[in-house]
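J.: Protein chains in written order, with the numbering used here: chain A, 1 to 296; chain B, 1 to 72; chain C, 1 to 76.
A few of these clues could be false.
Examples of chain C residues toward chain B, derived with CB under 10 Å [claimed, not checked]: (1) Met11; (2) Glu43; (3) Ala44; (4) Gly53.
Covered, in the sense of this in silico footprint (three residues per stretch, anywhere, with C-beta under 8 Å from a C-beta of chain C), are these stretches of chain B [claimed, not checked]: (5) 7-19; (6) 60-70.
Note that these hints are calculated values from the structure, not bench results. Where is the CB? At the ideal position from N, CA and C, for every residue including glycine.
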Amino acid sequence: MENPLHPFELHPFVHLSLLGVDISLNKAVLMMWVVVALVAGLLIAAGTSRRLVPRKLQSLAELLVEFIRGMILDTMGREGMRFFPFVSTLFVFILFCNLLGLVPGSFTVTSQIVVTAVFALFVYSMSIVVGFSLHGVKFLGILVPSGTPAWMLPLMIPIELVSQLARPLSLAVRLFANMTAGHTVLAVLFGMLVSMPFIPAPLAVKVGLFFVLVVLIVMRRRIVASAGIVGLILWWCLIPVLLSIIWIRWLPFVVSIAINGLEVFIAFIQAYIFSILTCVYLGDAIHLHGHEERAH
Amino acid sequence: MPPSTDPFYAGLGQAVRIGTEMLAALIVGGGLGWLVDTYLFSSGPWGMVAGLILGAFAGVRNAYRMAQRWPK
Amino acid sequence: MDSAAAALLGMGLAAAGFAGAGVGIGYIFGKMIEAVARQPEAEARVGKYMWIGFALVEAIALYGLVIAFIIMGLRK
Numbered sequence: 001m002e003n004p005l006h007p008f009e010l011h012p013f014v015h016l017s018l019l020g021v022d023i024s025l026n027k028a029v030l031m032m033w034v035v036v037a038l039v040a041g042l043l044i045a046a047g048t049s050r051r052l053v054p055r056k057l058q059s060l061a062e063l064l065v066e067f068i069r070g071m072i073l074d075t076m077g078r079e080g081m082r083f084f085p086f087v088s089t090l091f092v093f094i095l096f097c098n099l100l101g102l103v104p105g106s107f108t109v110t111s112q113i114v115v116t117a118v119f120a121l122f123v124y125s126m127s128i129v130v131g132f133s134l135h136g137v138k139f140l141g142i143l144v145p146s147g148t149p150a151w152m153l154p155l156m157i158p159i160e161l162v163s164q165l166a167r168p169l170s171l172a173v174r175l176f177a178n179m180t181a182g183h184t185v186l187a188v189l190f191g192m193l194v195s196m197p198f199i200p201a202p203l204a205v206k207v208g209l210f211f212v213l214v215v216l217i218v219m220r221r222r223i224v225a226s227a228g229i230v231g232l233i234l235w236w237c238l239i240p241v242l243l244s245i246i247w248i249r250w251l252p253f254v255v256s257i258a259i260n261g262l263e264v265f266i267a268f269i270q271a272y273i274f275s276i277l278t279c280v281y282l283g284d285a286i287h288l289h290g291h292e293e294r295a296h
Numbered sequence: 001m002p003p004s005t006d007p008f009y010a011g012l013g014q015a016v017r018i019g020t021e022m023l024a025a026l027i028v029g030g031g032l033g034w035l036v037d038t039y040l041f042s043s044g045p046w047g048m049v050a051g052l053i054l055g056a057f058a059g060v061r062n063a064y065r066m067a068q069r070w071p072k
Numbered sequence: 001m002d003s004a005a006a007a008l009l010g011m012g013l014a015a016a017g018f019a020g021a022g023v024g025i026g027y028i029f030g031k032m033i034e035a036v037a038r039q040p041e042a043e044a045r046v047g048k049y050m051w052i053g054f055a056l057v058e059a060i061a062l063y064g065l066v067i068a069f070i071i072m073g074l075r076k
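With the rest of the complex left out, here is chain A (with noise of 0.2 Å):
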């Protein structure tokens, strides 16, 4: 069997390079530049025309902004909508190449480690910046939790640090590793699709047995009505042996479909998760301890 880790390899298409750095063009970069162009022109075509009453494009762009205004009135206040245009590139950004990624044929940007650490470490920068923008020295009182008494400090402040650290990594690697784990189980899926070896049995026992299998669906009312419950019982196993013996290859075909429904609500979940902890990361940074008195 095909290794299942392959569609994740990246081989470039034309060798380029900028100053000893290599930049050559691959699956990755396309895709990106896909997704950038497909964002752009869906949004400009979706904000071109203003009505009032919307249309159908504009009404689900006037959805968007307001999930994404909500999401950061939730976490980070009136203050936090300077951070709109940022939060809403990364939300739709990840949004697209988690959806995209979907598509047969195409490849996931998401599932590369290093497009998620980048976009984890900016994030996470970002806030430090803003924080120290903000606070000055004081904001390294984030390492210290209120309300903490004094003799607790040499322990809590190691273990803030430790938590600090973590930000970055834990949301690089929930990314990148929902997105590759998903793919690889549709990998392996559409290769036992490929490569299950299928029932030996004549050609004309599978015609008989689906004509069998058809007129089991059509009559399954006659037949639930005379045998009762040992005859739904019976429908149902006798109908999975059947297509088993038509056509093996059924069960990783239905698989795959479920899993590739899952996929696209993961692909929606973790682009929100991603956004929401940007907003409160950033929001962390712009209400040093604020949180307590926020709350709800």
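Using the hints provided, position chains B and C relative to the given structure of chain A.
T.: Same frame as chain A, now just chains B and C:
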């Protein structure tokens, strides 16, 4: 799906965070301890052990703090 | 048995830890449904603890994954 209006999605969003956050705290703690061991003091495995314990504390503390700030 | 095969077996055994996480998730959600069916007004309060329990189960499953990766890194 506006955030924190549907309690199911708000809860799911929080829950998916906690797992990786505990793991990342553990890895960062162990990594810092290992760095101290190899590059600063060459103090055997003890720096890494202490770092792992610190990381575990930090992870559990993060989870506890997140549970306190849970969206209603 | 050479060490490469043993490492692969070990990684597979580490993945078997997901069975425990599966049992845990099933148990948590099953008990949640039971509790809400008995007392529907307690859903908000019980839901919070359900998600925390779910997250802890997920953390344990991730530890299994990390052990599999460590074995993969030690493999010669």
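J.: Now tell me if each hint is right for this structure.
T.: Hints versus structure:
For the restraint placing Met11/C at the interface with chain B, the shortest Cβ-Cβ distance is roughly 18 Å, beyond the 10 Å limit, so the hint is violated. Against a cut-off of 10 Å between C-beta atoms, the interface hint on Glu43/C holds, since the closest Cβ of chain B lies about 8 Å away. The beta carbon of Ala44/C comes within 6 Å of a beta carbon in chain B, closer than 10 Å, and the hint placing it at the interface holds. For Gly53/C, the interface hint holds, the least distance from its beta-carbon to any beta-carbon of chain B being 9 Å, beneath 10 Å.
For the region 7-19 of chain B, the stated coverage by chain C holds: 10 residues have a C-beta nearer than 8 Å to a C-beta of that chain, and at least 3 were required. Residue count for the region 60-70 of chain B with a Cβ under 8 Å from a Cβ of chain C: 3. That meets the three needed, and the coverage hint holds.
Checked against the numbered hints given earlier, the structure breaks only hint 1 and satisfies all the rest.
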